[in-house]
Amino acid sequence: MTPIATPFFFYLLSGLALLGGILVITRKNAVHSALALILTLLALAGLYLMLYAPFVAGVQIILYAGGIMVLFLFVIMLVSIERSQKEEQFNKQWIVGFIAAGVLGVLFVLVYVKGRALLPAPAAQIPNESQNTQNVGVLLYREYMFAFEIASLLLLVAIIGAVVMAKKRI
Amino acid sequence: MVATLKRQFGSGIGEASTYLGQNYMVVDRSLIPEILQVLRDQEQFDYCVDITAVHYPSREKPFEVVWILYSFARNERIRVKTLIADGEALPSSVSIWATANWIEREVYDMFGIRFEGHPDLKRILLPEGWKGHPLRKEYGIIQQDKEWVQINLGIESGQ
Amino acid sequence: MLDYITSYLKSNTTPGQAGNQFWAFVYIILIFLGLSVAVIAMNWLERKILAHMQVRLGPMRVGPHGLLQPIADAIKLLIKEDIMPAEADKVVFWTAPVMVVITAFTVFIVVPFGPTHAVTDMNIGVLFMLGVSSLGVLAIVMAGWASNSHYPLIGALRSSAQMVSYEIAMGLAVVAAILMTSLHGIGLYGVGSGTGTGTLSMIEIVKAQQEQHAWFIFKFFPLGLIAFFIFAVAMVAETNRAPFDLPEAESELTAGFHTEYSGFRWSLFFLAEYSAMIAVSAIAVTLWLGGWLRPFPSWLTGETWDLVFSLFPGVTFLLLAVIAFVGTMRMPKHPYFRVQTLGLGGFGAVLGLIGLVLLMPPVRDRIQDIYWFSFKVAAFMYLYIWYRGTFPRYRFDQLMKVGWKVLLPMGIGVLILTAVVGVLL
Amino acid sequence: MTDGSTSTTSHLELEEHDKTFLDSNELIINMGPQHPATHGVLRVILKLDGEKVLGTECVIGYLHRGVEKIAENRTYAMFNPYVDRMDYVAAISNGLGYCEAVEKLLNVEAPPRANYIRVILTELNRLASHMLWLGTHALDIGAITPLFYTFRDREEILKIFEKYCGARLTTHAFRIGGCLYETYEGFEQDVKKFLVFVAPKIDEYEELLTTNRIWVERTKGVGKISGKDCIALGVTGPVLRASGVHWDVRKAQPYAAYSDFDFEIPVGQNGDTYDRYLVRMAEMRQSLRIIRQAVEKIPEGPIMAKVPKVIKPPVGEIYHSIEAPKGELGYFIVSDGSTQPYRVRVRPPSFVNLQALDVMVRGQLVADVIAVIGTLDIVLGEVDR
Numbered sequence: 600m601t602p603i604a605t606p607f608f609f610y611l612l613s614g615l616a617l618l619g620g621i622l623v624i625t626r627k628n629a630v631h632s633a634l635a636l637i638l639t640l641l642a643l644a645g646l647y648l649m650l651y652a653p654f655v656a657g658v659q660i661i662l663y664a665g666g667i668m669v670l671f672l673f674v675i676m677l678v679s680i681e682r683s684q685k686e687e688q689f690n691k692q693w694i695v696g697f698i699a700a701g702v703l704g705v706l707f708v709l710v711y712v713k714g715r716a717l718l719p720a721p722a723a724q725i726p727n728e729s730q731n732t733q734n735v736g737v738l739l740y741r742e743y744m745f746a747f748e749i750a751s752l753l754l755l756v757a758i759i760g761a762v763v764m765a766k767k768r769i
Numbered sequence: 173m174v175a176t177l178k179r180q181f182g183s184g185i186g187e188a189s190t191y192l193g194q195n196y197m198v199v200d201r202s203l204i205p206e207i208l209q210v211l212r213d214q215e216q217f218d219y220c221v222d223i224t225a226v227h228y229p230s231r232e233k234p235f236e237v238v239w240i241l242y243s244f245a246r247n248e249r250i251r252v253k254t255l256i257a258d259g260e261a262l263p264s265s266v267s268i269w270a271t272a273n274w275i276e277r278e279v280y281d282m283f284g285i286r287f288e289g290h291p292d293l294k295r296i297l298l299p300e301g302w303k304g305h306p307l308r309k310e311y312g313i314i315q316q317d318k319e320w321v322q323i324n325l326g327i328e329s330g331q
Numbered sequence: 056m057l058d059y060i061t062s063y064l065k066s067n068t069t070p071g072q073a074g075n076q077f078w079a080f081v082y083i084i085l086i087f088l089g090l091s092v093a094v095i096a097m098n099w100l101e102r103k104i105l106a107h108m109q110v111r112l113g114p115m116r117v118g119p120h121g122l123l124q125p126i127a128d129a130i131k132l133l134i135k136e137d138i139m140p141a142e143a144d145k146v147v148f149w150t151a152p153v154m155v156v157i158t159a160f161t162v163f164i165v166v167p168f169g170p171t172h173a174v175t176d177m178n179i180g181v182l183f184m185l186g187v188s189s190l191g192v193l194a195i196v197m198a199g200w201a202s203n204s205h206y207p208l209i210g211a212l213r214s215s216a217q218m219v220s221y222e223i224a225m226g227l228a229v230v231a232a233i234l235m236t237s238l239h240g241i242g243l244y245g246v247g248s249g250t251g252t253g254t255l256s257m258i259e260i261v262k263a264q265q266e267q268h269a270w271f272i273f274k275f276f277p278l279g280l281i282a283f284f285i286f287a288v289a290m291v292a293e294t295n296r297a298p299f300d301l302p303e304a305e306s307e308l309t310a311g312f313h314t315e316y317s318g319f320r321w322s323l324f325f326l327a328e329y330s331a332m333i334a335v336s337a338i339a340v341t342l343w344l345g346g347w348l349r350p351f352p353s354w355l356t357g358e359t360w361d362l363v364f365s366l367f368p369g370v371t372f373l374l375l376a377v378i379a380f381v382g383t384m385r386m387p388k389h390p391y392f393r394v395q396t397l398g399l400g401g402f403g404a405v406l407g408l409i410g411l412v413l414l415m416p417p418v419r420d421r422i423q424d425i426y427w428f429s430f431k432v433a434a435f436m437y438l439y440i441w442y443r444g445t446f447p448r449y450r451f452d453q454l455m456k457v458g459w460k461v462l463l464p465m466g467i468g469v470l471i472l473t474a475v476v477g478v479l480l
Numbered sequence: 054m055t056d057g058s059t060s061t062t063s064h065l066e067l068e069e070h071d072k073t074f075l076d077s078n079e080l081i082i083n084m085g086p087q088h089p090a091t092h093g094v095l096r097v098i099l100k101l102d103g104e105k106v107l108g109t110e111c112v113i114g115y116l117h118r119g120v121e122k123i124a125e126n127r128t129y130a131m132f133n134p135y136v137d138r139m140d141y142v143a144a145i146s147n148g149l150g151y152c153e154a155v156e157k158l159l160n161v162e163a164p165p166r167a168n169y170i171r172v173i174l175t176e177l178n179r180l181a182s183h184m185l186w187l188g189t190h191a192l193d194i195g196a197i198t199p200l201f202y203t204f205r206d207r208e209e210i211l212k213i214f215e216k217y218c219g220a221r222l223t224t225h226a227f228r229i230g231g232c233l234y235e236t237y238e239g240f241e242q243d244v245k246k247f248l249v250f251v252a253p254k255i256d257e258y259e260e261l262l263t264t265n266r267i268w269v270e271r272t273k274g275v276g277k278i279s280g281k282d283c284i285a286l287g288v289t290g291p292v293l294r295a296s297g298v299h300w301d302v303r304k305a306q307p308y309a310a311y312s313d314f315d316f317e318i319p320v321g322q323n324g325d326t327y328d329r330y331l332v333r334m335a336e337m338r339q340s341l342r343i344i345r346q347a348v349e350k351i352p353e354g355p356i357m358a359k360v361p362k363v364i365k366p367p368v369g370e371i372y373h374s375i376e377a378p379k380g381e382l383g384y385f386i387v388s389d390g391s392t393q394p395y396r397v398r399v400r401p402p403s404f405v406n407l408q409a410l411d412v413m414v415r416g417q418l419v420a421d422v423i424a425v426i427g428t429l430d431i432v433l434g435e436v437d438r
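Heads up: the sequence lines are chains A, B, C and D, in that order. Its first residue numbered 600, the first sequence is counted upward by one per residue in the numbering used here. Its first residue numbered 173, the second sequence is counted upward by one per residue in the numbering used here. Its first residue numbered 56, the third sequence is counted upward by one per residue in the numbering used here. Its first residue numbered 54, the fourth sequence is counted upward by one per residue in the numbering used here.
If you are wondering where the hints come from, they were derived from the structure by calculation, not from laboratory data. Just so it is clear, CB atoms sit at the ideal spot from N, CA and C, and this is done for glycine as well. There could be a bad hint or two in this list.
[As the list claims (entries may be wrong)] One-sided and incomplete, this derived list gives chain C residues near chain D with beta-carbon spacing under 8 angstroms:
1) Lys103
2) His107
3) Arg111
4) Trp354
5) Pro447
6) Asp452
[Unchecked claim] Estimated spans, in silico, between C-beta atoms of each pair:
7) D:Leu233 with C:Ile138: 37 to 45 angstroms
8) B:Gly259 with C:Glu136: 33 to 41 angstroms
9) D:Glu238 with C:Lys388: 44 to 52 angstroms
10) C:Lys456 with B:Phe244: 21 to 29 angstroms
11) C:Ser91 with D:Asp282: 53 to 61 angstroms
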């Protein structure tokens, strides 16, 4: 079986993800931004596939691109976009933004440089592809059961909170 | 029935008789709407079939307004008529029969008879800018051609 | 070259798994063409069947019995003026139909027409299909918004709300079916034998049904049936078809999200709608109706039965040919109809020829799987038409009620019961 | 959401629409006059809270032709064909009402054979009208198939009309004093054949809809109106009967030959759209019953009463009403002794029934408005006259 993780695809997908990310913050039209975000998410799903994590890729598509972004678009479309288009995009907070981005960048570079020294190079072990999904299941429901359940409880609380806030009378 | 009504309202009730098997009575304008209320509540004429008007330009009081009522209990119809002068208003009977709403609007639209106390008295079948009231006898069909068709539709003639 | 071809024909994996790009490409082309033909045929069949349900004749003018009507329609759509509203968002307006078609066709990569007849077999097959078809919602929302008009926007909002809601019930039903691949039951419900691990792969799911000697619709009776029912309802809602065609309710919203589209772009939506119908039907067939398996694969065994069932595809085509010939005989004997009569006869001849080819031993063994799969999908397609002929339209709140208050609890219940039954009974 | 050219407020409304689109406050939308579900040119302005209807206002008159004014400029006989153009799907009922009203004014009576022919044709027309209603009503709710079934069967009725008087829709079948045409050869056989043909068809419609879950869900409890409200609003016809009021002009004040026949008046209980549907379906069966009796008992004799060539009723006035398919159709005619009516007032059932729309849809959802407009069975030609 020929590997799909060729450098060409890696650079293509990363390029698409970056392009999407840049478009998200530069487009004035919120709907265009959302669509660019979808592009980024899809490119990320492709990257997951290259890491032999098809399940994560599938979930990425279903949840983020298919589910969450639809709700995003839902809200954006109902809001009038004329006003936001007239507004100045770069306001006075851009200095703060640059500083934050710079700090993040430095952090990223440091982790990248130091991290290699700290951690041993992981064995390039290609997981058995046909067992990938099953492995995810085993990990979630056996080893991290407690954390998983806590996360679901949190989500339940969030749902109830959202309903309470949205509904005029209960 | 007419006797009891006459006792109650006295001379306000004029002619009350039957033509071709149909009862009608002419009442004085001042008895509207009390007599209608009484007819509905005491005489069980709970269904107002129709309200309409007839224009007699030569008479002193040119408009004859007709209420056609029906009683489910008696299986009987009666026509209540009253005469009014041009420009005179009548009290609305919407509070007695809800159905009078649109019907009175139509009478207003066609004859220009105003009903006081009507919740929303405006033209119903004709457009808002219409001139005149078509079912008046002096309203000619040619007038409509001039007043409405030529001005609003921008064509020579609708005829 | 010939060796290359025959060597593949004998292999027992899909081209995608074998890493055979040439065959994968051939399959993609075949699926694309086959799907387009299926949509065209579906267009004609829907109009004809619906017409006959409604005591009409349907298309009768273009070609004998209107057989060429879809082609005429396609030509009309292609040469029609392509209108783009002046106030529309050009980029999004342009991308939406492209995206909807891409998603509608991409899902067919993992559809198993037979044990080896799929472009590829993915470890996450079902998940992939659900995920990619959920991207179709995005395209609909984009189309509705980009048109910059009221009806499309409301239609798109309704559409997406409906699809997002029904996806959940649909997912639960699918999970129930996937659970069944790993659960065999013990006493009361015990069936067949198998490996014991579940799978999301479309091919493996069918194989599990083969091993367990039961289509999942009959497994853990009535749980499989209920799960199938949930899916069958949700899939009609997913594809926005009657009685859930609210996004396109003519009496309320003209044509829904594609009101402003015309010509070629509109035909892309049309194509996508029908291929989405085929796609969800394919999922249903794969998960519950034994995919490519012929009826009673484990009861009626033996060479005779194998032969009998392998004759079906050819016989079906021969039957169609007979129908076409009967139609030819019944055409009016008038010079005006001569060309049409000849055409219908020719069409019958082609069908008969295909039938004969399908009866040849080497072909009939390879083609059988595809035939049974398509036959089951076609049954679903007929159901779609039937629904449209019979049902009034749900109101939006009722639709949501059905989705959230009926199907969702049912789905959860079925899921839990399936797990309980599979482990304990 | 089209705007009427005569509207003065629509622009404001639309702006408000945009402004309040996100809040769950009031929202005003405009339906019609060009809208597939309004059965013609009816414009309904809806005040909504989300999808819930807070109130409605009907704007009518787009089809107003001034029938009542025309009547004053025509002789009695000349006006007869005009009434067909009001409720054009039940033209024969309109004609029957008008002819009988003038006959009463003239104090003549149509001969019994004419009355029987009138009953047969009017009941056939009631069937045709109900069939058209059923098809379009079901179509509004999304069931497309019944439309074709009902039109197929309505066609048979129209064929009988065509054979009888040469016209299919606006028939002008009756004349003042009776019928102009004797029945054609084979009329009775045709009608009998039709009766045999149509009875199973009505079962077929019922099979498609009566127990159809979605149909029941879409119609049950939708557009409820109580009998008391119906009477107050002057609503008549099947709508009134579906609300539990046992009243039909054919029974209460029989006209033509209706007193000769044995038939029942179907009555509903809940006054919702589903009951109105059931009542009309039952009414179709009762119509068949009446026709069957009429065809069997039809007497021989003249079909035209002695009516003067020039119709000049004595001075006086008359109100005569019949049970049209939509409700009580009344004619109030005032004569001044000349050849032309002094005043003709039509009491149109659709017009009065349409008033009930507001009461019926309040608190319901937008999609129900369409169902309720369908169930009221209005014909805009009659609403606007």
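Structure-based check of all given hints:
| no. | hint | in the structure |
| --- | --- | --- |
| 1 | Lys103 | 14 angstroms, violated |
| 2 | His107 | 11 angstroms, violated |
| 3 | Arg111 | 6 angstroms, holds |
| 4 | Trp354 | 36 angstroms, violated |
| 5 | Pro447 | 4 angstroms, holds |
| 6 | Asp452 | 6 angstroms, holds |
| 7 | D:Leu233 with C:Ile138: 37 to 45 angstroms | 54 angstroms, violated |
| 8 | B:Gly259 with C:Glu136: 33 to 41 angstroms | 59 angstroms, violated |
| 9 | D:Glu238 with C:Lys388: 44 to 52 angstroms | 35 angstroms, violated |
| 10 | C:Lys456 with B:Phe244: 21 to 29 angstroms | 40 angstroms, violated |
| 11 | C:Ser91 with D:Asp282: 53 to 61 angstroms | 57 angstroms, holds |
Consistency with the previously given hints fails for numbers 1, 2, 4, 7, 8, 9, 10, ordered from lowest to highest.
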